[in-house]
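Asker: Residue strings, one per chain:
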Amino acid sequence: MIEYAMNYPDKLIDPLLEHIQMLVITLILSLILASALTIISTYSSVFSKTLVYIFSVVYSIPSLALFALLIPITGLGQTTAIIVLVVYNQYLLLRNFIEGLNEVDSSIVEAATGMGMNKMQLLLKIKVPLSRKAIFTGVRLSVVSTIGIATIAAFINAGGLGSILNDGLRTVNTVKILWGSFLAAGLAIFTNGLLSKVEEKL
Amino acid sequence: MTQKAIEISNVTKKFKQAEYNAVDNVNLTIDEGEFITILGSSGSGKTTLLKIINKLYEPNEGTIKLFGEDIAHVDSVQLRRSIGYVIQQIGLFPHMTIAENVATAPKLLKWNKKAIHERVDDLLNLVGLNPSDFKDRYPSELSGGQQQRIGLARALAVDPKIMLMDEPLGAVDAITRLHLQDELLRIHGGLQKTFLLVTHDINEAFKLGNRIVIMNEGKVCQFDTPKNIVANPADEFVSSLIESSRNQGKFWEGLG
Numbered sequence: 001m002i003e004y005a006m007n008y009p010d011k012l013i014d015p016l017l018e019h020i021q022m023l024v025i026t027l028i029l030s031l032i033l034a035s036a037l038t039i040i041s042t043y044s045s046v047f048s049k050t051l052v053y054i055f056s057v058v059y060s061i062p063s064l065a066l067f068a069l070l071i072p073i074t075g076l077g078q079t080t081a082i083i084v085l086v087v088y089n090q091y092l093l094l095r096n097f098i099e100g101l102n103e104v105d106s107s108i109v110e111a112a113t114g115m116g117m118n119k120m121q122l123l124l125k126i127k128v129p130l131s132r133k134a135i136f137t138g139v140r141l142s143v144v145s146t147i148g149i150a151t152i153a154a155f156i157n158a159g160g161l162g163s164i165l166n167d168g169l170r171t172v173n174t175v176k177i178l179w180g181s182f183l184a185a186g187l188a189i190f191t192n193g194l195l196s197k198v199e200e201k202l
Numbered sequence: 001m002t003q004k005a006i007e008i009s010n011v012t013k014k015f016k017q018a019e020y021n022a023v024d025n026v027n028l029t030i031d032e033g034e035f036i037t038i039l040g041s042s043g044s045g046k047t048t049l050l051k052i053i054n055k056l057y058e059p060n061e062g063t064i065k066l067f068g069e070d071i072a073h074v075d076s077v078q079l080r081r082s083i084g085y086v087i088q089q090i091g092l093f094p095h096m097t098i099a100e101n102v103a104t105a106p107k108l109l110k111w112n113k114k115a116i117h118e119r120v121d122d123l124l125n126l127v128g129l130n131p132s133d134f135k136d137r138y139p140s141e142l143s144g145g146q147q148q149r150i151g152l153a154r155a156l157a158v159d160p161k162i163m164l165m166d167e168p169l170g171a172v173d174a175i176t177r178l179h180l181q182d183e184l185l186r187i188h189g190g191l192q193k194t195f196l197l198v199t200h201d202i203n204e205a206f207k208l209g210n211r212i213v214i215m216n217e218g219k220v221c222q223f224d225t226p227k228n229i230v231a232n233p234a235d236e237f238v239s240s241l242i243e244s245s246r247n248q249g250k251f252w253e254g255l256g
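If you read the sequences in order, they're chains A and B. Using full-length UniProt numbering, you'd call the opening residue of the first sequence number 1 and step up by one each time. Using full-length UniProt numbering, you'd call the opening residue of the second sequence number 1 and step up by one each time.
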């Protein structure tokens, strides 16, 4: 195994970087979309409940099926993978964002409203800082979930660590299978550990 | 002649799914500089009435004028910035220091830093807390009585002409409560603002208010000076309130 890594470092590092790239793009897009939807949700509890419900249904669809559904529209490759990953993340992010914001002590919200804060001021100055823990938990869960599901995206030619596994399975190459599993699991466990440490500090 | 600060005309509020009106055809006229206490048991509509004045609730019927201006025509956010508001749970912002808490309303009105700084110091002195000791602390590091003082300072920050206080002393112990009652009278006397204080404590209502609104089941039973209320209770409910307080006094005398 070590020998393989020494001889072909590019074959491991390139997919790893691809994987991280996919993760970063997905995360940025997910956060932008989730923030926008959360802000709209503050205006209507019916809308926010419907939204979380819809995304929970989508989240329950197996990723490979969702990838396959999108291929006729967006084709094979990273774009399709990122769309699916962003949609999946909405459930994890919205549920935590909306619940976190709703759990802020109602007397604090009343005091802030009574002093003349408008909705955006209430959100940015009071609700977001006070629910930062729940918000960050959502981000951590979506990062870990993205790392995992992105591995499957290799089946639709999106690259990433899944491609090492894919190659290994296709050619029955145990070393590749082991490296693929090791890197995918390692990245998820390491990132989760790191983000959990940050979360404790909040 | 003193100006009319608050004119409440035929105000009724009924919550969805409620059988009775929370506030039932209330009419009150309050002059500038008065200290009005609103006395009633829970469910009497006193808090609802207060929240209609700063538009946290919309009345179903009736009008409210503040200094002659109908609040229905004023933007609710702008209106609330011109009214001081204190609630029983205090609602200090736990992620902000005491100075930042007190500076909330001035910041919303975009005062400059120096003015905010000076105002915070003045307010902390006014409520009897040393600015250099308290400014950089967080609410969780303060006692209940100290927190309530900060809640009061925060509400007074932009020098509102009207202060609405919903059981502001409800969460503090009896001794602190007496101290803070005296402080409230002192602050009111010095500022000539119009104070509206909701309480269910009859002693507090009669001690603080120059006039008292007694509410029961959404209606105003009586609105008069403490002396007139004791001399001429308007109905049975008011008589029984006074009677209960007298009995309590006798009970203490009996122990002495």
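It is worth saying that the hints were derived from the structure and are not from the lab. Check each hint, because a few of them may be wrong.
As the list claims (entries may be wrong) - Across the chosen pairs, the derived CB separations fall in these ranges:
#: 1; chain 1: A; residue 1: GLU99; chain 2: B; residue 2: ASN210; range: 45 to 55 angstroms
#: 2; chain 1: A; residue 1: ALA5; chain 2: B; residue 2: ARG137; range: 33 to 43 angstroms
#: 3; chain 1: A; residue 1: PRO72; chain 2: B; residue 2: VAL74; range: 54 to 64 angstroms
#: 4; chain 1: A; residue 1: ASN102; chain 2: B; residue 2: GLU69; range: 13 to 23 angstroms
#: 5; chain 1: B; residue 1: ALA18; chain 2: A; residue 2: LYS201; range: 18 to 28 angstroms
Stated by the list, open to error - Listed below are the simulated DSS-like cross-link pairs for lysine-lysine, each with C-alpha atoms no more than 30 angstroms apart in a straight line:
#: 6; chain 1: A; residue 1: LYS119; chain 2: B; residue 2: LYS207
#: 7; chain 1: B; residue 1: LYS14; chain 2: B; residue 2: LYS219
#: 8; chain 1: A; residue 1: LYS119; chain 2: B; residue 2: LYS107
#: 9; chain 1: A; residue 1: LYS119; chain 2: B; residue 2: LYS193
#: 10; chain 1: A; residue 1: LYS125; chain 2: A; residue 2: LYS201
#: 11; chain 1: B; residue 1: LYS161; chain 2: B; residue 2: LYS135
#: 12; chain 1: B; residue 1: LYS107; chain 2: A; residue 2: LYS201
#: 13; chain 1: B; residue 1: LYS193; chain 2: A; residue 2: LYS201
#: 14; chain 1: B; residue 1: LYS135; chain 2: B; residue 2: LYS114
#: 15; chain 1: B; residue 1: LYS250; chain 2: B; residue 2: LYS65
#: 16; chain 1: A; residue 1: LYS125; chain 2: B; residue 2: LYS135
As the list claims (entries may be wrong) - Not everything, but these chain A residues come out facing chain B in the computed CB check (under 7 angstroms):
#: 17; residue: THR50
#: 18; residue: PRO62
#: 19; residue: SER63
#: 20; residue: LEU64
#: 21; residue: LEU66
#: 22; residue: ILE108
#: 23; residue: PRO129
#: 24; residue: ALA134
#: 25; residue: GLY186
By construction, the Cβ of each residue, glycine as well, lies at the ideal position given by its N, Cα and C atoms.
Asker: With reference to the structure, classify each hint as holding or not holding.
Answerer: We went through each hint and held it up to the structure:
{"no.": "1", "hint": "GLU99(A) / ASN210(B): 45 to 55 angstroms", "in the structure": "holds (47 angstroms)"}
{"no.": "2", "hint": "ALA5(A) / ARG137(B): 33 to 43 angstroms", "in the structure": "violated (55 angstroms)"}
{"no.": "3", "hint": "PRO72(A) / VAL74(B): 54 to 64 angstroms", "in the structure": "holds (56 angstroms)"}
{"no.": "4", "hint": "ASN102(A) / GLU69(B): 13 to 23 angstroms", "in the structure": "violated (35 angstroms)"}
{"no.": "5", "hint": "ALA18(B) / LYS201(A): 18 to 28 angstroms", "in the structure": "violated (46 angstroms)"}
{"no.": "6", "hint": "LYS119(A) / LYS207(B)", "in the structure": "violated (38 angstroms)"}
{"no.": "7", "hint": "LYS14(B) / LYS219(B)", "in the structure": "holds (12 angstroms)"}
{"no.": "8", "hint": "LYS119(A) / LYS107(B)", "in the structure": "holds (16 angstroms)"}
{"no.": "9", "hint": "LYS119(A) / LYS193(B)", "in the structure": "holds (29 angstroms)"}
{"no.": "10", "hint": "LYS125(A) / LYS201(A)", "in the structure": "holds (20 angstroms)"}
{"no.": "11", "hint": "LYS161(B) / LYS135(B)", "in the structure": "holds (25 angstroms)"}
{"no.": "12", "hint": "LYS107(B) / LYS201(A)", "in the structure": "holds (28 angstroms)"}
{"no.": "13", "hint": "LYS193(B) / LYS201(A)", "in the structure": "violated (44 angstroms)"}
{"no.": "14", "hint": "LYS135(B) / LYS114(B)", "in the structure": "holds (15 angstroms)"}
{"no.": "15", "hint": "LYS250(B) / LYS65(B)", "in the structure": "violated (43 angstroms)"}
{"no.": "16", "hint": "LYS125(A) / LYS135(B)", "in the structure": "holds (19 angstroms)"}
{"no.": "17", "hint": "THR50", "in the structure": "violated (21 angstroms)"}
{"no.": "18", "hint": "PRO62", "in the structure": "violated (41 angstroms)"}
{"no.": "19", "hint": "SER63", "in the structure": "violated (38 angstroms)"}
{"no.": "20", "hint": "LEU64", "in the structure": "violated (43 angstroms)"}
{"no.": "21", "hint": "LEU66", "in the structure": "violated (39 angstroms)"}
{"no.": "22", "hint": "ILE108", "in the structure": "holds (5 angstroms)"}
{"no.": "23", "hint": "PRO129", "in the structure": "holds (5 angstroms)"}
{"no.": "24", "hint": "ALA134", "in the structure": "violated (14 angstroms)"}
{"no.": "25", "hint": "GLY186", "in the structure": "violated (36 angstroms)"}
Taken one by one, the earlier hints fail for this structure at numbers 2, 4, 5, 6, 13, 15, 17, 18, 19, 20, 21, 24 and 25, listed in ascending order.
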